[in-house]
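Whenever a hint applies, use it, and build me the whole structure from the sequences.
Going down the list, the sequences are from chains A and B. In terms of the working numbering, the first sequence opens at residue 1 and continues consecutively. In terms of the working numbering, the second sequence opens at residue 1 and continues consecutively.
Treat the hints as calculated values from the structure; they're not laboratory data. Keep in mind that a hint or two might mislead.
Said to hold, decoys possible - Some but not every residue of chain B turned toward chain A, in silico, with C-beta under 8 Å:
1) 87
2) 100
3) 104
4) 123
5) 131
6) 240
7) 259
Note that beta-carbon positions come from the ideal geometry of N, C-alpha and C, so glycine has one too.
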Amino acid sequence: MTAEPAYDVAVIGAGVVGAAIARELSCYQLRTILVEAAGDVGTGTSKANTAIRHTGFDAKPATLESELLRRGFPLLTSYAAAAGIPLEVTGALLVAWDAEQLATLSDLAERSKANGYTAIRHVTPDELHRREPHLGPGARGAFAIPDEGIICPFTTSLAFATEAVSNGVRLRLSSPVTGVQLLDGTHVLRVPGGEVTARWTVNAAGLHSDTVDHMFGHQRFTIRPRRGELIVFDKLARPLVNSVLLPVPSSAGKGVLVAPTVFGNVLLGPTAEDISDRSATQSTQSGVAGLLAKGSRIVPELLDEEVTSVYVGLRAATEHADYQLACYPDQRYICVGGIRSTGLSASMGIAAYVADLLADSGLGLHRTAHHRQAHMPPIGEATLRPYQDEDAISADPAYGQVVCFCERVTRGEILAAAAAPLPARTIDGLRRRTRAMLGRCQGFYCGAHITALLAEAAGTPAEQLLHLGGTAPAPAPRSLNPIPDRAAR
Amino acid sequence: MRKEQADVVIIGAGPAGLAAATELRRHGPSRVVVLDREASPGGIPRHSHHAGYGLRDLHRVLTGPAYAQHYTQLATGAGAEIRTGTAVTHWESHRVLASTSPDGLAEWHARAVLLATGCRERPRAAELVPGDRPAGVLTTGALQQLAGVHQLPVGRCAVVVGAEHVSFSAVHTLAAHGVTVAAVVTRYPRPQTYRTLQAVTAGRHRVPIFTSTEVSDICGARRVERVTLRNSRSGTTRDIECDTIVFTGDWIPDHELARTAGLDMDHGTRGPCVDQVMRTSQPGVFAAGNLTHPAETADVAALAGRHAAGAITAYLSGESWPTTWTPVACADPLRWIWPPRLSAGTSPPPRGRLIARALSFCGPGHLEITQNGQLLYRERKRRLVPNQSITLQAGWLPRVAPAAGPVSVHWSPG
Chain A
1 MTAEPAYDVA
11 VIGAGVVGAA
21 IARELSCYQL
31 RTILVEAAGD
41 VGTGTSKANT
51 AIRHTGFDAK
61 PATLESELLR
71 RGFPLLTSYA
81 AAAGIPLEVT
91 GALLVAWDAE
101 QLATLSDLAE
111 RSKANGYTAI
121 RHVTPDELHR
131 REPHLGPGAR
141 GAFAIPDEGI
151 ICPFTTSLAF
161 ATEAVSNGVR
171 LRLSSPVTGV
181 QLLDGTHVLR
191 VPGGEVTARW
201 TVNAAGLHSD
211 TVDHMFGHQR
221 FTIRPRRGEL
231 IVFDKLARPL
241 VNSVLLPVPS
251 SAGKGVLVAP
261 TVFGNVLLGP
271 TAEDISDRSA
281 TQSTQSGVAG
291 LLAKGSRIVP
301 ELLDEEVTSV
311 YVGLRAATEH
321 ADYQLACYPD
331 QRYICVGGIR
341 STGLSASMGI
351 AAYVADLLAD
361 SGLGLHRTAH
371 HRQAHMPPIG
381 EATLRPYQDE
391 DAISADPAYG
401 QVVCFCERVT
411 RGEILAAAAA
421 PLPARTIDGL
431 RRRTRAMLGR
441 CQGFYCGAHI
451 TALLAEAAGT
461 PAEQLLHLGG
471 TAPAPAPRSL
481 NPIPDRAAR
Chain B
1 MRKEQADVVI
11 IGAGPAGLAA
21 ATELRRHGPS
31 RVVVLDREAS
41 PGGIPRHSHH
51 AGYGLRDLHR
61 VLTGPAYAQH
71 YTQLATGAGA
81 EIRTGTAVTH
91 WESHRVLAST
101 SPDGLAEWHA
111 RAVLLATGCR
121 ERPRAAELVP
131 GDRPAGVLTT
141 GALQQLAGVH
151 QLPVGRCAVV
161 VGAEHVSFSA
171 VHTLAAHGVT
181 VAAVVTRYPR
191 PQTYRTLQAV
201 TAGRHRVPIF
211 TSTEVSDICG
221 ARRVERVTLR
231 NSRSGTTRDI
241 ECDTIVFTGD
251 WIPDHELART
261 AGLDMDHGTR
271 GPCVDQVMRT
281 SQPGVFAAGN
291 LTHPAETADV
301 AALAGRHAAG
311 AITAYLSGES
321 WPTTWTPVAC
331 ADPLRWIWPP
341 RLSAGTSPPP
351 RGRLIARALS
361 FCGPGHLEIT
371 QNGQLLYRER
381 KRRLVPNQSI
391 TLQAGWLPRV
401 APAAGPVSVH
411 WSPG
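Encoded structure:
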């Protein structure tokens, strides 16, 4: 066994929360490693959620979740602007469709104020239909939450991890932690093909955070995955929805939302189904049918539009109502578990809180002299994209060569993604970095061309990109060492 | 942003667009530009390496790539400009289009626009097929590009979903690339293609055809591993191990530009509403080919493009745009009828025929055309086959009364 040099902090899990923590720690003079089981960052819960940037107005007051949502909100807002993460503040409308929901609506307004969010206000039925002309009939009442927004969940995780790596954090991919040993003040994390040694460990393992917690000898919580199926509608549906249409929870369930996305689609979902299998991300006939039935009431015309994709995410819910965030200074271990569905919005609040816990526990946090800000490629609809950018095209004509027609992704962007600090090494990774093949044709026109482009640019055989290696073993562990900042275009 | 002026801008260098460009140049407009986002002109036939192209329009038999090349030569020979690698991204205003190419951004000001953007197959997600989302789920279009154009590996064992003409073309492509076809699956009670086509593809490779069957589940972590089929009659399911699934047929127009222009759309075809000479609801904007009737064969699309050229020339010479139309409606078991509207005082549709699609197997019987309860025409059909082209003679068109309400097409069994 070859032991790697000891790190000050090992962060387990490169989802949005783990990546945010790694980015936060990269601001300090620390040797940090981010250890991820999968072959890329942000591939679990972080890639399959409702992509809403919440204000936290409806969180349970006086919980850590509420506090960290509030703390994370301004941090993520300014970070998104600086890093180029697609974020649109569309505002949300909380719509009640029956008497029970109407009653809950005023409770939610009270709760919002208890959470310190006071911009929530009542909206008359007239105003509601003026703002959302395609809303179905029968809405009983509504509140507006003007600061709710939509965000790109893919870019958020990638920006955090890119910035962490650019500032000296080591990222170790394809490295599931299989065991932990505590030796002479050092944590030895066993990973395939070696071990990672660190003084402190932060457990941000998402759906597996309880498993890692058990490795440290704790039995505080059990992950009870909550499956959420979501339907993405064609971009031609986008004019049907102006803001996030939130459901009011009732005895019939939490309800589903209809929201625009930063790529210009419309999202309908999620379902909420408690399951036991942590890898059961398949969609179901009943789940999709249920969503369509609910969507037909909220925005009836939505159902005339084509479905572009259906995806499924598992929220890391537990038996508890709040985040399972605990610091064990004696063990030099911090558990960041049970981050259910608000992890994206709270991520930077959680990261700042974890840094506080480390500092309070005696880990000296000293800011580095220079910090490199990540700059992510512009893949959202609200900003100028390369295919629209005269200057980008004249500087490099590859940005004028549209290769994914539905999403208007250019050859220049594919090549840049293959050469980025956190390069695209799989088709799914390329999708999340560029939007290529995420559109309505799902590769009818461009699938083969883009596969060939990535195979060449990444030096990866097409068989491997297409997962045609038979029963291929998992890819070998791959490390990304700190490399000079090659900020994405 | 570069400004360009043209008499006619055609979007899509497939059979309809190229045939229209060729014919337009023969009639006179001086600058005819065809814009296409692909790297080479010719459209879908470029990827379809089997014979059978060119029967109705060129009166000969060519392979897809030869057919694409032939039309490209005709259009350039006639003096049309073909700009490939040029993606039309949006409308700036009426008859003004924006494009992106490696040369930069351009704004095209046209006296007339012809949309010939074609159609594509609905992918798995649009069919709402549940299950995992692994690699290896394709459409025929993706398959043909993977195997034929880029010579990339396809897989080892495939299931083909659909049993129409194109489905057996997919079987042919798969077999030609060494992929075992484990099954052809159709939700209909029987295949929708000719026995001979079936015999030389599925029959030759001993591929079982499962009828009244749907894909109820797809399993696989990274790559497809298994597909579950459910028989809708018996309710029984069976699992088939495979690493590739090809969803075939079920065409939808590539209608983004038609929709964003605000053109009247037809609910049946999901393409823009056009009359028998391809005029849309907006003056100077025409639409032809499989954008308006998804999907006819390439020669039918080309003949539609050629037909549109006449109306475009007439419009450029000052012919007025119709302000009233007679809608053509159809009902179950018909899925759609083309053209979805008729205008008075103009030429008949291409080939003198209307086109229709059925939702289910029917027959024998009559297709009956009525207006205001009055029978205008009836035509005997031995059978209707879902998604197979049905044509209807258009000799009755002069008897349509322009102000007398919609024309209805319905099926009368027996």
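Against the structure, the hints:
1. 87: It holds, given that the least Cβ distance between residue 87 (chain B) and chain A is near 4 Å, below 8 Å.
2. 100: 5 Å, holds
3. 104: 5 Å, holds
4. 123: 4 Å, holds
5. 131: 5 Å, holds
6. 240: With a closest approach of 17 Å, the residue 240 (chain B) hint is violated.
7. 259: The hint holds - residue 259 (chain B) has a Cβ within 8 Å of chain A, the shortest such distance being about 5 Å.
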